[in-house]
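**Student:** Based on the sequences and whatever the hints tell you, model everything.
If you want the building blocks of each chain, they are given just below.
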Amino acid sequence: MAVKKFMFVNRKAPFGTIYALESLEVVLIAATFDQDVSLVFIDDGVYELVKGQDSKAIGIKNHSRTYRALDGYDVEKLYVERESMAARGLTEDDLLVDVEVLSSAEMADLMAEQDVVLSF
Amino acid sequence: MLHIVNKSHAQTSSLQSCLRLAKAGSALLLIEDAVYAATQAGAAGSGIADAMTRLKVYALQPDVEARGMAGKLVDGVTPVDYAGFVDLVAEHPNNQSWL
Numbered sequence: 012m013a014v015k016k017f018m019f020v021n022r023k024a025p026f027g028t029i030y031a032l033e034s035l036e037v038v039l040i041a042a043t044f045d046q047d048v049s050l051v052f053i054d055d056g057v058y059e060l061v062k063g064q065d066s067k068a069i070g071i072k073n074h075s076r077t078y079r080a081l082d083g084y085d086v087e088k089l090y091v092e093r094e095s096m097a098a099r100g101l102t103e104d105d106l107l108v109d110v111e112v113l114s115s116a117e118m119a120d121l122m123a124e125q126d127v128v129l130s131f
Numbered sequence: 217m218l219h220i221v222n223k224s225h226a227q228t229s230s231l232q233s234c235l236r237l238a239k240a241g242s243a244l245l246l247i248e249d250a251v252y253a254a255t256q257a258g259a260a261g262s263g264i265a266d267a268m269t270r271l272k273v274y275a276l277q278p279d280v281e282a283r284g285m286a287g288k289l290v291d292g293v294t295p296v297d298y299a300g301f302v303d304l305v306a307e308h309p310n311n312q313s314w315l
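Residue numbers (my numbering), protein chains in the order written: chain A, 12 to 131; chain B, 217 to 315.
FYI, nobody ran anything at the bench for these hints, they're computed from the structure.
The structure displayed is predicted, hence computed values, not measured ones.
We put the beta carbon where it would ideally sit given N, CA and C, even for glycine.
Check before you lean on any hint, since a few could be wrong.
Covered, in the sense of this in silico footprint (three residues per stretch, anywhere, with C-beta under 8 Å from a C-beta of chain B), are these stretches of chain A [stated by the list, open to error]:
#1 19-31
#2 112-119
#3 122-131
**Tutor:** What follows is the structure in structure tokens.
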């Protein structure tokens, strides 16, 4: 099977909608098929990666831990848009996984070179 | 690359983020409530007026007509029908639907 470049674009905060969790599910499926997977975090999607999430009191599974397990599935390309992170007062130290921080222009280049772009 | 936006620029930030991340020379198709961004009244505030200098902008005409916006698109925006939508998807190597 030919390997395609899949980009998962995450633009939603972690708990207000089901998008963040659904994105992770599909990422793991794509990884199972040995595809070239990238995750990008833009706008409120950056909040998905913030350290110290504790969702016990709202009765929703804390899926943020899953991001730390992604390298076990050979998903190692995580990118955060610098502008989105800065607009929310966050730095790389606030994030629970190692990411590569890209400018909007660098992110645009990366997006344009994908075979498939999936929005969440 | 083809970018597709379907939400009003006044309701969500999808269009704003799309315009920030679309490379010059890309195509942008506005469908559903996103067509308001391409109207004469909306184009300046939505950023479409500026974006037209670097992106090719299309609007899905059935959605424009449904909203009573026919004849109100800003000059430079190309109306397309459903077949034109399919052509745009087929002509570009990849696309992104902004949610």
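**Student:** Does each hint fit the structure? Answer for all of them.
**Tutor:** Hint check results:
Requiring three or more residues with a Cβ within less than 8 Å of a Cβ of chain B, the coverage given for the stretch 19-31 of chain A holds, as 4 such residues are present. With a cut-off of 8 Å between beta carbons, the stretch 112-119 of chain A has 3 residues touching chain B; three or more are needed, and the interface restraint holds. Under a criterion of three residues with beta carbons nearer than 8 Å to beta carbons of chain B, the stated coverage of the stretch 122-131 of chain A is upheld, 8 such residues being counted.
This entry satisfies every hint, going by the numbered hints stated previously.
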